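**Q** Each chain sits in its own coordinate frame; assemble them with the hints.
Residue numbers (the working numbering), protein chains in the order written: chain W, 1 to 218; chain U, 1 to 45.
Derived by calculation from the structure, the hints in this document are not laboratory data.
One or more of the hints may lead you astray.
If you want the footprint, here are the derived chain W segments under chain U, 3+ residues with CB under 8 Å [stated by the list, open to error]:
#: 1; region: 6-19
#: 2; region: 24-36
#: 3; region: 83-96
#: 4; region: 177-184
#: 5; region: 188-197
#: 6; region: 208-215
Simulated DEER-style distance windows between Cβ atoms [claimed, not checked]:
#: 7; chain 1: W; residue 1: THR84; chain 2: U; residue 2: ASP34; range: 21 to 27 Å
#: 8; chain 1: U; residue 1: LYS37; chain 2: W; residue 2: LYS177; range: 51 to 57 Å
#: 9; chain 1: U; residue 1: THR9; chain 2: W; residue 2: LYS205; range: 40 to 46 Å
#: 10; chain 1: W; residue 1: SER176; chain 2: U; residue 2: LYS24; range: 38 to 44 Å
#: 11; chain 1: W; residue 1: ALA14; chain 2: U; residue 2: ASP2; range: 18 to 24 Å
#: 12; chain 1: U; residue 1: LYS28; chain 2: W; residue 2: ILE174; range: 16 to 22 Å
#: 13; chain 1: W; residue 1: ARG157; chain 2: U; residue 2: ASP2; range: 34 to 40 Å
#: 14; chain 1: W; residue 1: ILE201; chain 2: U; residue 2: ALA13; range: 19 to 25 Å
#: 15; chain 1: U; residue 1: ILE35; chain 2: W; residue 2: ILE144; range: 39 to 45 Å
Source: prediction; values computed, not measured.
Ideal Cβ placement from N, Cα and C applies to all residues, glycine included.
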Amino acid sequence: MIILLVLTVISIIASLYASFIYAPTELIMGDIQRIFYFHMGTVWVATVAFTIVFIASIMFLKSGKRKWDILALSSAEIGVLFITLTIITGSIWAKPIWGTWWTWDPQLTTTFILWILYIVYLILRSVAGDNVKQARFAAVFSIIAFIDLPLVYISARLKRGISPVVFGPGGGGIESKMLITMLITFLACTLLFIILLKQRILYEKIKDNLRLLKSRTI
Amino acid sequence: MDYLFWSQTIIWAFILGYLIILIKKSEKLEQELDILKKELDKKDN
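Excised from the complex, chain U in its bound form (with noise of 0.2 Å):
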């Protein structure tokens, strides 16, 4: 029963854990797209 529980719980942190690194590459493409979108205002100015 304990080894089931575990390997349950186990799998749903895999899960969020799988959803935390998708947030965490979104935040650092958006960071990246700031900078590009502030690059190019400043040559258009």
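For reference, chain W alone in the conformation it holds in the complex (with noise of 0.2 Å):
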């Protein structure tokens, strides 16, 4: 765990220098630009994260084990923090571009009604407690939230609004330093995850045990 922690402190520094001091400016959004190194960063771990709720929940509803319904929570959680980090820095760098802190653009309504998705899920899932038949529904409910996901990404090639196209069909592609930039952002990202998953899980695991003791004492 403390080398995890390590590496993952050296990539975060890593990432800033790479950010703000490696990669060129870019010619037409200017220094702005290179917050969407980080943005990136964020909706990349906030994707993994939502998948891992996706099967973790699937995993639940097939075997009824506890592990997978505290791996999907923890998932969830994490996810909705990057999200919410995802959706904070796009505004930032939509104030100087776009003029403006948010529009409904397609790709960002479906990204909100992601972050309402995965909110409304982790209040399920907080209510449900031990009540098994509830902790059912709230999986039922995360597998359904997880079809919005793909969406982001389609709404934004299919339907053009202003989100910019960086990768993939229509893309605009991107200079090499700045690609470094991104990957060791991605890098950093990933690590947090990682470290962040580990923790939350054993954290409810230790909670399942107290809760199991206590019982055990009455």
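**A** The structure is reproduced here in structure tokens:
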């Protein structure tokens, strides 16, 4: 855990250095584009987190094992944290570029819906507590919520709004130094996600053990 | 440029802060768990 934490802190410092010193200034957008590396990193982590929630929820419904429920809950919480940061950093970028903090562009709207859906999932899951039936209901809800995730990506490509498309078909591409910066930031975000997920799962397991012991003492 | 750097650094610090809170909460629960285990052992004996 300590090694992972040290590696994470080093990669965060490397990401800051690459974003603000190593990467060249983008010609059209200027310095504000530098926030995009971190913005994309948070998008990446949220995508991974919600995919894990989707898989873990299916496994929980299939097996009924608590470990899958814990994984889904922990990953959803971190996913919501990162998608919130995606929205915040996106707004910081949008203000000088679009002249507004927010607009109901297809990609932004689907991202906002995704954010709301997983907040609802977290509320449902916290209300469920030990109740298996309600936990299963929350799992079904998270599986349905996942449908919105591919829509976020597809919406920017099929129904062109004002959100920029960088990668994939129709994307503008990226300069090599910018790509390296983005990969370093992805690495930092991924390491942070792994360490957060491990710790969140551990916390939930300890809570379970404590609940079990308390029920024995009564 | 400066405000961008500091806003990003604050966000990183915020996430690391969340991690530290998680670690501290886990440690606190673990201590509670240990105390409870000892109490149960005493009862059993």
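**Q** All hints, please: hold or fail.
**A** Status of each hint after checking the structure:
For the region 6-19 of chain W, the stated coverage by chain U holds: 4 residues have a C-beta nearer than 8 Å to a C-beta of that chain, and at least 3 were required. Given as covered by chain U, the region 24-36 of chain W passes the check, having 4 residues with a CB less than 8 Å from a CB of that chain where 3 are the minimum. Under the rule that three or more residues need a Cβ within less than 8 Å of chain U, the assignment of the region 83-96 of chain W holds, with 4 such residues. Counting residues of the region 177-184 of chain W whose beta carbon lies closer than 8 Å to any beta carbon of chain U gives 0, which falls below the threshold of three, so the coverage claim is violated.
Proximity of the region 188-197 of chain W to chain U, defined as three or more residues with a beta carbon under 8 Å from a beta carbon of that chain, is established by the 3 residues found. For the region 208-215 of chain W, the proposed coverage by chain U is satisfied: 4 residues have a C-beta within less than 8 Å of a C-beta in that chain, meeting the threshold of three. Taken as a hint, the range 21 to 27 Å is violated for the pair W:THR84 and U:ASP34, whose Cβ atoms sit roughly 35 Å apart. For the hinted restraint 51 to 57 Å between U:LYS37 and W:LYS177, the CB-CB distance of approximately 55 Å keeps it satisfied.
Take U:THR9 and W:LYS205: their Cβ atoms lie about 32 Å apart, and the range 40 to 46 Å is violated. A hinted range of 38 to 44 Å holds for the C-beta pair W:SER176 and U:LYS24, which are about 42 Å apart. Checking the proposed 18 to 24 Å range against W:ALA14 and U:ASP2 shows it holds: the Cβ atoms sit about 20 Å from each other. Between U:LYS28 and W:ILE174 the CB atoms are about 45 Å apart, so this pair departs from the stated range of 16 to 22 Å.
As the Cβ distance of W:ARG157 to U:ASP2 is approximately 35 Å, the hint placing it in 34 to 40 Å holds. At about 23 Å, the beta-carbon gap between W:ILE201 and U:ALA13 stays in the expected band of 19 to 25 Å. Roughly 42 Å separates the CB atoms of U:ILE35 and W:ILE144, a value that falls within the hinted 39 to 45 Å.
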